[in-house]
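Undergrad: Counting from 1, one number per residue, gives the positions in the sequence shown under my numbering.
It is worth saying that the hints were derived from the structure and are not from the lab. Beta carbons: idealized from backbone N, C-alpha and C, even for Gly. One thing to keep in mind: the hints can contain errors.
Stated by the list, open to error - Derived DEER-like restraints, expressed as beta-carbon distance ranges:
#: 1; residue 1: LYS8; residue 2: PHE117; range: 34 to 44 Å
#: 2; residue 1: ALA95; residue 2: ARG64; range: 38 to 48 Å
#: 3; residue 1: SER26; residue 2: ASN68; range: 31 to 41 Å
#: 4; residue 1: TYR3; residue 2: SER26; range: 27 to 37 Å
#: 5; residue 1: THR99; residue 2: SER54; range: 36 to 46 Å
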Amino acid sequence: MIYFGDGKLVKQYIGTVDGILDHFDSLLNEISLVSQFDEEMWPFVDWVAEWHGSTGLQSMGIPRTHWNGAATYNSLIYAFVLQQAADLCDFVHRADTATEYRRRSRSLNEAVNAHCFDGD
Numbered sequence: 001m002i003y004f005g006d007g008k009l010v011k012q013y014i015g016t017v018d019g020i021l022d023h024f025d026s027l028l029n030e031i032s033l034v035s036q037f038d039e040e041m042w043p044f045v046d047w048v049a050e051w052h053g054s055t056g057l058q059s060m061g062i063p064r065t066h067w068n069g070a071a072t073y074n075s076l077i078y079a080f081v082l083q084q085a086a087d088l089c090d091f092v093h094r095a096d097t098a099t100e101y102r103r104r105s106r107s108l109n110e111a112v113n114a115h116c117f118d119g120d
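Hey, can you work out the whole structure from these sequences and the hints?
TA: Right under this line is the structure:
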């Protein structure tokens, strides 16, 4: 697309993209943010000293907000990826899906602004 313009490649894998995005959509909580991941998943973000947990490797690198039920960082990444996927859908003439992905992205960004931004 951006670099190669290979519509055949995009069409081959767009179903996989849809499945991954649908999985993250299923993780949205009542305030429309990505919620805590399943216990067997590791929602790693970065090796920040303040995010080192005390229960082993899989408790490290996770923002504190995740333990309160909202994965703010993951919500923003999901919103960004939805925008990129919408561009892919436009490229392979799936305008309705592109519109849906952009709507989801806007909704996520609005939820982050409403629930995770304190105005400073």
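Undergrad: Each hint should be assessed against the structure and marked as holding or not.
TA: Right, here's what the structure says about each hint:
1. LYS8 to PHE117: 34 to 44 Å: Once the Cβ atoms are compared, 41 Å apart, the range 34 to 44 Å for PHE117 and LYS8 holds.
2. ALA95 to ARG64: 38 to 48 Å: Holds, at about 40 Å.
3. SER26 to ASN68: 31 to 41 Å: 20 Å, violated
4. TYR3 to SER26: 27 to 37 Å: 31 Å, holds
5. THR99 to SER54: 36 to 46 Å: With a Cβ separation near 45 Å, THR99 and SER54 satisfy 36 to 46 Å, so the hint holds.
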